[in-house]
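Given the coordinates of chain A, work out where chain B should sit on it, guided by the hints.
If you read the protein sequences in the order shown, they are chains A and B. Per the working numbering, the first sequence runs over residues 1 to 712. Per the working numbering, the second sequence runs over residues 713 to 806.
These aren't lab readings, by the way, just hints derived from the structure by calculation. Treat each hint with caution, since some may be false.
[Said to hold, decoys possible] Heads up, simulated SDA-like pairs for lysine to any residue below, C-alpha to C-alpha not over 25 Å straight-line:
(1) 719/B <-> 294/A
(2) 421/A <-> 506/A
(3) 224/A <-> 733/B
(4) 32/A <-> 421/A
(5) 767/B <-> 139/A
(6) 751/B <-> 294/A
(7) 751/B <-> 274/A
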Amino acid sequence: MATGKEIRVALAGNPNCGKSSLFNGLTGSHQKVGNFSGVTIEKHEGYVDYRGYRIRFVDLPGTYSLTPYSPEELVTRKYLIEEAPDIVVNVLEGPNIERNLLLTTQLMEMGVDLLVALNMYDEVVARGIEIDVKQLQLLLGCHIIPTSAKKKQGFDALLDHIVRVHEGDIEIRKNKLGFRQEIEGAIDGIAEQLAGEPALSGFNPYWLAVKLLENDREVYTLVKEYPVWVKVEIALQLAIREAEAVYKSDPEIIITEDRYAFIRGAMQECVRMPREERASLTDRIDRIVLNRVLGLPIFFFIVWLIFHMTFTLGTPLMEGLDFLFGGIAAAVSPHLANETLRSVIVDGIIAGVGGVLIFLPNIVLLFLGLSFLEASGYMARAAFVVDKVMHRFGLHGKSFIPMITGFGCSIPAIMATRTLKSRSDRLATIMIIPFMSCGAKLPVYILLAGAFFEPAVAANVMFGIYMLGVAIGLVSALVMKKTVLKSDSEPFVMELPPYRWPTLGSVFLQSNIKAMMYVRKAGTVILLAVLLIWVVSNYPRNPAIDAALERRIASIELGDAPEALKKASIVEAEHHANADQLEYSIAGRAGKLMEPLIRPLGFDWRIGVALVTGLAAKEVVVSTMGTIYSLGEADETSPELKTILRNDPSFDQATALSLMVFVLLYIPCVAAIGVMKKEVGNWQAILFYSVYAMGVAWVFSFLTYRLAQLLA
Amino acid sequence: MLLSELKVGDKAEVEGLLAESAVRRRILDMGLVKGTRFKVLRVAPLGDPVEIFFKGMYLSLRKNEAAGVLVRKIGEARDGAPMGGARRRWRFGS
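Next up, chain A with everything else stripped away, as it sits in the complex (with noise of 0.2 Å):
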C-alpha cells in the first residue's frame, strides 16, 4: 500500500473511558504491541483499511492531564509533540463527560487536529442524559462523534470522519478557551516573546506560555536553553506577582480553575444530568466491597479466589505440558546419534526450555484473573483497601497485587508492576517479589521438610518459610525506600472507576499479551542461560568415568546374575558415574569452590552444585540431587531420596532449615532476572538486588543454621 494513503491516528483519554475496547474494537487482530521507546509502558499499535486508506492507530496510555507527573502524561505528551500524527482522537466517558473534557481543553491548545469520540453513547442513552452535540461541537471547535466501544456503534462515522479530516473536507476550527484577562495578557505577552526565537519555531508559541505559566518543568528546561529566557522569565515573573496580587493565587491554579469553569460553562450549556434518585450500583456494591467489616475478608477471599483458580486449573495444564515435553524428548532421541548433540538437545533445550514453558498455564490464568479485576474497576478498589499497611512499609497499595502473584510465579509478578508510577515504588516493589516464595521453590520444602520433620510439623515449617518471605520483604522494602531508593512516593490521589462487566475480547487480549512476552522470553536469554547451566554440569567430560562406567558394565554384563538384577546393577552404575561426572563438571567444582563459604551454613558442595544449577529453575535443586546422590531422576515425592538424605550424616534438621531459607531468599531464576532486567532497564540495579538478595540469603541461612543447632 503506499505511504502516501495512510493516516497516523493517536487515540487519547482518560483512564476508564473505554479507549482501549474502542482501539480494539476499531483494529481487531491487526494489532502488535511493544513499549515506547525508554519506557516500559505498553505500546498498542493497530491498524484498519478504510475507503482506500490505512488508518494506524496508536492507542496512548490513558491521562487525566498532559502536565506531564506520571510517566503516562510525559509519553502522551511526548508522543503527540514528537511524533505528531495527523489526527488525535480524543475518546471521552459519554456519562462522565464533564471530567473527561480537562483534556479536550489541554489538546484544543495544543492545535492538533482533533476529533472528540463521544464513547458509551449507549449509556448516555440509557441513563437519560441529555448531550446536545451541535452545541459542545461550536463550543469546542472540533467534531464529535458518538460512538459505543461495547456495543460497535459509531465505528464507520468514526472512520470516515477521519478520512474526510485528512482530505481537507471536513475543517477543524482551532478554539481556544479564554483564560481571564489578566492571565489571558500575560500568556500573549510571553507568546509574542517566544515567537520571536528561532529555535523554537517547532512549537505552538501560545501552548509554550501557557505551560510555563503552569509550571511545568519539561517546558521550562525546554526554553532555558535559549537566550529568549531573559525576557521571559521577567514576563513570567510579572504575571505571577500580578494573579498573586489580584487573586491571591498562582497562575497555575487559575488557569485550572479557569479551564474547569470553561468546562462548567459548557457543561450548563450543553448537557442536562438526569436527577440521580437511587445511590449508582457502583456505590451500593462498594458499601459492601468496601466495607470497614467486611472489605478487608472480601479482599482476601477474592485474591484466594483467584490462586485457587490459577492453580487448580493450572496444575492439570501444567501437568500436560510436562508429559507432552517428555513425549517430544523421547520422539526426538533416537534420531540424534551423537551423543553430545542428543544430550545438548534433549537434557539441553528441551528439557530447559520445556521446563520454563509449563508455567505458561499459570501465568495466562493468573493475568486472566488480574486483567478481570483490572477491567472491572476492583483493582483500584484492592490498593484501596491495602494502602495503609503498604504504606506503613513505604509502598503504594497498587504494590500488594504484584506482591501476591510473587506467590504463583515471580515473573507475571514483576511484570504487573507496571500499574505502579512512581518509579522509585517500582524498583523497591520489584525487588522484593522474588522473596515471595514462588511456585517453583515448593518443591524444595516439600522434599525437605517431608525427609526431615514430622508431617504435621512439616507444614509448619512450611508455613514459616512463606511468612518469613513476607517478612523479609516488606522490612527490605522499608529499609530501600528509607536508603536507595529515597525520594518519590507516588501520592494516592486515585480514582475508583465505576465497575464495569469488562469485554471478554480486552480481557483475553490482555492475558494473551502478557503470555506472548513470556514465551519470547523463552524463546531467547532462557534458552541461553539454560544451554549454559548444561555445558557447566556436563563438561568438562572425564573419559576415565566413562571408561570405568564401560568396565563396570562389562564386568556386569559378564557376571552370572538374574537378568533383572544385571539391568538394575547397570543402571546403578550409570547414577553413579553420572554423580562422579557431574562432580568432575565446572558445576561440581564450583561447588567444591564455594564450599569454604558456604560451609557456615552447613552446606557442602553437593548442595552448592544443586544452588547453581537452581539458577535454571528453582525446581531443578531437587532433581539435581537426585543426580548428585546417584538416584538419576528423582523428585520431592521419591522415598529414596527422603532416605538417602535423611542418612546422610552431613544432612540433618538444621541443614536442611537452612537450605530451604537459601533458597527461599538467594537471587532467582534466570527467567526472573531477565524480565528483572528488562522491566528495570539496567544492569546497576539487578547487581545491586543480587548482591543485596545473596547477602540476605547468607546472612539469615546463617542465623537458622546456627539456631536450629542451638535448639536441636
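Same frame as chain A, now just chain B:
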C-alpha cells in the same frame, strides 16, 4: 478546615490548596479546584485512605494528601459520626 478533618457523610466545598508540587498538580488534575462540591463517602477498612464523590467521580486520597485541601463544610453527616462511622465499634490499626 481541612478535607482530612471531615466526617463520613459530610458535604463540603473546596476553598483552596495547601499541597505542593506533584500532589497539588494531581489534585488539580482530578478536578478538586476552588468551588468544587463533594461528599465524603467512606474511609478504607484500615482507616486510611478516604473516598469522596463529586461530579460522577469516586476519588480516593490518603489522609495526609487530604490534609492539603482547604474546605468549607456545607452539610453535616446526618448521624454526626466521626470519620469512619464504624470506628466506635471496630478499631483496626491505629
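Right, here's what the structure says about each hint:
| no. | hint | result |
| --- | --- | --- |
| 1 | 719/B <-> 294/A | 20 Å, holds |
| 2 | 421/A <-> 506/A | 22 Å, holds |
| 3 | 224/A <-> 733/B | 20 Å, holds |
| 4 | 32/A <-> 421/A | 23 Å, holds |
| 5 | 767/B <-> 139/A | 20 Å, holds |
| 6 | 751/B <-> 294/A | 22 Å, holds |
| 7 | 751/B <-> 274/A | 19 Å, holds |
Violation of the numbered hints given earlier is absent; every hint is satisfied by the structure.
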